[in-house]
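S.K.: Line order of the protein sequences matches chains A and B.
The opening residue of the first sequence carries number 1 in this note's numbering; numbering runs sequentially from there.
The opening residue of the second sequence carries number 1 in this note's numbering; numbering runs sequentially from there.
Hints may be right or wrong, so weigh each one.
[Stated by the list, open to error] Here are the computed distance ranges between Cβ atoms for each label pair: (1) G50/B <-> E141/A: 28 to 38 Å; (2) E80/B <-> G174/A: 41 to 51 Å; (3) D104/B <-> N340/A: 39 to 49 Å; (4) R125/A <-> G50/B: 30 to 40 Å; (5) R27/B <-> A177/A: 26 to 36 Å; (6) N340/A <-> R27/B: 48 to 58 Å; (7) V80/A <-> A54/B: 43 to 53 Å; (8) D67/B <-> E141/A: 35 to 45 Å; (9) V229/A <-> V64/B: 33 to 43 Å; (10) E79/A <-> G19/B: 46 to 56 Å; (11) R128/B <-> F343/A: 44 to 54 Å.
[Claimed, not checked] Some chain B residues close to chain A (C-beta under 8 Å, calculated; not the full set): (12) S29; (13) R42; (14) S74; (15) R85; (16) I89.
Hints are computed from structural coordinates only; laboratory data are not their basis.
Heads up, the beta-carbon is just placed ideally off N, CA and C, and yes, glycines get one too.
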Amino acid sequence: MNKKLCVAGLGALMLTVWPGRADACGGFFCSQVPVLQTAERVVFEMEGDEVTAYIQLQYQGTDPNFAWVIPVPEVPEVEVGVGSGMFDALEAQTRPIFMGQAAPAAVLADSSAGCGMGGSGGEPRIRVRSVPVPDVDVFQEDSVGPYDYVVLSASRAADLNTWLQVNGYRVAPGSDAPVEAYLSEGMKLLALKLSPDAVSTQVEPIKLTYKDTRGCASIPIRLTAIASVPGLEIVTWVFGSGRAAPVNYGSVEVDPSGLLRPSDYGPAIAAVVDTFAGGQGFVTEYAQPSFRLSDQGDETLQNLLAKHGYVTRLRTFIDPAEMSLDPMFEVDASLGPVSNEIFLGGTIDVRSSSIFVVLGVGMLWSRRRRR
Amino acid sequence: MKRIIVIAALVLGACGAEGAPELTNLRASSRRAQIGTEVFLRAGLFDMDGDLEAGVLLGRVRSVDGDIDLEEASPILGFEDGRTRGDVIMGLTLLGIVDIGDYDVSLVAEDAAGVRSERLTQRITYSR
Chain A
1 MNKKLCVAGL GALMLTVWPG RADACGGFFC SQVPVLQTAE RVVFEMEGDE VTAYIQLQYQ
61 GTDPNFAWVI PVPEVPEVEV GVGSGMFDAL EAQTRPIFMG QAAPAAVLAD SSAGCGMGGS
121 GGEPRIRVRS VPVPDVDVFQ EDSVGPYDYV VLSASRAADL NTWLQVNGYR VAPGSDAPVE
181 AYLSEGMKLL ALKLSPDAVS TQVEPIKLTY KDTRGCASIP IRLTAIASVP GLEIVTWVFG
241 SGRAAPVNYG SVEVDPSGLL RPSDYGPAIA AVVDTFAGGQ GFVTEYAQPS FRLSDQGDET
301 LQNLLAKHGY VTRLRTFIDP AEMSLDPMFE VDASLGPVSN EIFLGGTIDV RSSSIFVVLG
361 VGMLWSRRRR R
Chain B
1 MKRIIVIAAL VLGACGAEGA PELTNLRASS RRAQIGTEVF LRAGLFDMDG DLEAGVLLGR
61 VRSVDGDIDL EEASPILGFE DGRTRGDVIM GLTLLGIVDI GDYDVSLVAE DAAGVRSERL
121 TQRITYSR
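Isolated chain A (complex conformation):
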């Protein structure tokens, strides 16, 4: 049995389901600057070489002219509006619970932004340029729910990105290099945009089902780098036969004795990841048998919990410059459970100008490189 599961995060939240490997990825772009995501949640489930990914993305801003680009190994079946209740149920049950303080933790980073404003001063004028017809392979082009989408590939990233732009998909500056990398690895790109006829600009969850003949579904994070805020929060759940741990990222731990308030916890994660894993590490926040979780009435989650025996939640904060490697995780049955209860109230040197002097006392468990 293949016990390797590779996960690379792009958004704030991701969920990966064991067994097998899951790759998801992407970038989320609007008119001139990246849309700043407030959360992205992805559930991957693998059945043999078939991968099912449930992806929920949330963003702030009012610009409906976005494009959501997701590298996929094969042409996926695309559905919309499934599993939305599952994300909230999982988040609610696996996020850290802080003991010794009345106030709950603010688990998710909240960033606010909109898209850039266009326009320029001066006399009215137009600028025109002729564009060569891009050479791409379009495998599928369709609409589902409020989305138009296309699955395509090309030998050159510039052609692929030009095709997307010509067909109304926003492309962020600087995306040629990461797209080129994925194309060279044989990946295709799934691009989604809100249909011009869409009544709602709400970004609905999507479900992707596809074959992964590589024996490893991956979640590329490299494309995320061009559309990411600094310190992007990634939360990854891994469903499997046992506790999951990162393979090519460090596994680090926050010393709870240094936490005075729930709000200290997030920065402490970032600090130990930077200090002990060079910016590429995860904290395991929850690792328990699946039966401890409730489906909370969500049919999709009910099915997942019934199929998979263990749930692991890992979390990190990562800067764009550190998104050079797609994180991979594997199930290691020798690892013990992790509770999401965190006891606050250790000692802290309040004279220090930086809380991280104490909070940075983390542990680096392992860092096994796999590319």
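Put chain B on the given structure of chain A with help from the hints.
M.R.: Coordinates of chain B only, in the frame set by chain A:
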């Protein structure tokens, strides 16, 4: 007979001169755009004469009330060696201080002899 010839000439004049390039199926990348951002126009192009290599595309933006009427030319790409049929793409950016609202964005192809195609137009709503 003269009447028929006159009518035929009028019809040809309305549809573009004989031997004129033919633009078809104009598609804009979006029906909504922001001032200062690029909109892409794509269309099919055919020219029996095969002299498009030295021709130009003319992109035009015209406000609905006609107050703004701007046109610029750009070379036709992909019609080398006498090729007669293919697609053309033009990126067009509206700049400057202009009112937001609806604009007619259009495309014309002109061959090496200066013969122009019909004008194909798409209405686009601009915002800031």
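S.K.: If a hint holds in the structure, say so; if it does not, say that too.
M.R.: To see whether the hints hold, each was checked on the structure:
1. The hinted window of 28 to 38 Å between G50/B and E141/A holds, with their beta carbons roughly 31 Å apart.
2. A hinted range of 41 to 51 Å is violated for the C-beta pair E80/B and G174/A, which are about 31 Å apart.
3. Distance hint check for D104/B and N340/A: the Cβ-Cβ separation is about 59 Å, which falls outside the suggested range of 39 to 49 Å.
4. Between R125/A and G50/B, the C-beta spacing of about 33 Å keeps the proposed range 30 to 40 Å intact.
5. Checked against the hint of 26 to 36 Å, the pair R27/B and A177/A passes, with Cβ atoms roughly 29 Å apart.
6. For the hinted restraint 48 to 58 Å between N340/A and R27/B, the CB-CB distance of approximately 51 Å keeps it satisfied.
7. Distance hint for V80/A and A54/B: a CB-CB separation of about 48 Å, consistent with the stated range 43 to 53 Å.
8. Between D67/B and E141/A the beta carbons are some 38 Å apart, a value that agrees with the proposed interval 35 to 45 Å.
9. At about 40 Å, the beta-carbon gap between V229/A and V64/B stays in the expected band of 33 to 43 Å.
10. Checked against the hint of 46 to 56 Å, the pair E79/A and G19/B passes, with Cβ atoms roughly 51 Å apart.
11. At roughly 52 Å, the beta-carbon separation of R128/B and F343/A lies within the given 44 to 54 Å, and the hint holds.
12. Taken as an interface hint, S29/B checks out: its beta carbon lies about 4 Å from the nearest beta carbon of chain A, inside 8 Å.
13. For R42/B, the suggested interface contact is upheld, since its CB lies about 6 Å from the closest CB of chain A, less than 8 Å.
14. Given the 8 Å rule on beta carbons, the hint for S74/B holds: about 4 Å separates it from the nearest Cβ of chain A.
15. Hint on R85/B is violated. Least Cβ distance to chain A is approximately 12 Å, over the 8 Å limit.
16. A hinted interface residue such as I89/B counts as satisfied when its beta carbon comes closer than 8 Å to some beta carbon of chain A; here the least separation is about 4 Å, so the hint holds.
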